[in-house]
Amino acid sequence: MEDVEIVAAFKKAATKEKAFTLLVKKYQEKLYWHIRRLLPAHEDANDVLQNTFIKVWNGLDSFREDSRLYTWLYRIATNESLSFIEQQKRKAVVDFDQLGDTYSNSIRADENFDANRLEWKLQLAIRQLPDKQKLVFNLRYFDEMSYDEMSSILDTSTGALKASYHHAAKKIEEFIKNH
Amino acid sequence: MNNRNNINEELKTIAPLLNDISRQPVQSVPEGYFEHFSVQIPETAAPVVKMLQVRKWMGYAAAALVAGILVTAGFIFTDKDVQRFNYEQYSRIDVPAEMNKLSDDELQSYLAAATVLSGAGHAGSTASEEINDAITQETASLTQVSDESLEQFFSEHTGSINLK
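Protein chains in written order, with our numbering: chain L, 61 to 239; chain Z, 5 to 168.
What you were told as hints is all true, and nothing was included just to trick you.
Quick partial rundown of chain Z residues pointing at chain L, CB under 10 Å, derived from the structure: (1) Ile11; (2) Ile18; (3) Ala19; (4) Leu22; (5) Asp24; (6) Ile25; (7) Ser26; (8) Arg27; (9) Gln28; (10) Ser32; (11) Val33; (12) Val43; (13) Gln44; (14) Ile45; (15) Pro46.
Straight-line C-alpha distance at most 30 Å; calculated DSS-like pairs for lysine-lysine: (16) L:Lys222 - Z:Lys16; (17) L:Lys192 - Z:Lys16; (18) L:Lys237 - Z:Lys16; (19) L:Lys194 - Z:Lys16; (20) L:Lys230 - L:Lys194.
If you are wondering where the hints come from, they were derived from the structure by calculation, not from laboratory data.
The model shown is predicted, which means the values in this text are computed figures rather than measured ones.
Glycine included, C-beta positions come from ideal geometry on N, C-alpha and C.
So here's chain L without its partners, still in its complex pose:
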């Protein structure tokens, strides 16, 4: 089912729940991994994914079809993830720098972790980036978004996004070569 059809079905009381279930099935995995790349712990990613879909349920009636559903969903998931990270930073238990270490430790604590595999080195390298650069890199590298799509999610000019992505990619390559 196309996104436009899902949105139309959601706006009718009789098909609202069915349309929502279809939407969840279609996007749950993509959104989960988008969130998980920002929050390494599965439990945190699951909580944020739940909140994201609750926001979608509450806001889809007023969704304007001049933007794409796909980018709208990513925008909500991104904002929810960043809010979660901000909450974590505000908690007195860990400060900002310690939070980065905590996230890196949760990557190493994963049962599949293998320090020699490039995929895991890549995860550790991404963890070293500032939040904004991390987001830009993930959306482009993993979700294969165009700069225009990223611009509508992050409210940033395509030129700034391109610069940010290039910086991030170079830093990551450097990190992998040195570890």
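Let chain L serve as the given structure and place chain Z on it in line with the hints.
Relative to the frame of chain L, chain Z by itself:
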């Protein structure tokens, strides 16, 4: 796919190593997570604000009711004491008839007591006259005391006083 090609081309110039890495997720996820994933939609919240308005109004009404009961009860109970002092009852008393019932002794003893309390009455029997008599006697006895004795008394008790 077009995007993918563009991204790969772009990476060739800035970070070619990244083109050799699989983009498949490597982190572990609980088994069957995506198959069993469901969203817990909370039920629509009750109109809390309206409920609070009703409760606030009810609070004021209850307070007014309690205050009303207290004020009314106060009037009722204090009024009873006032009514117990029945002026009509006293207006119906026939004073001359009641006086005739009293004996002469009772009347005399009442008058004696009333005179002492008021400070007036028969000669030689009031308290004020008794006090006046006592002062007169003391003054007369003082005239018989010599000036020297008085001066000595005062100098002993208040310092030197010249009576002349």
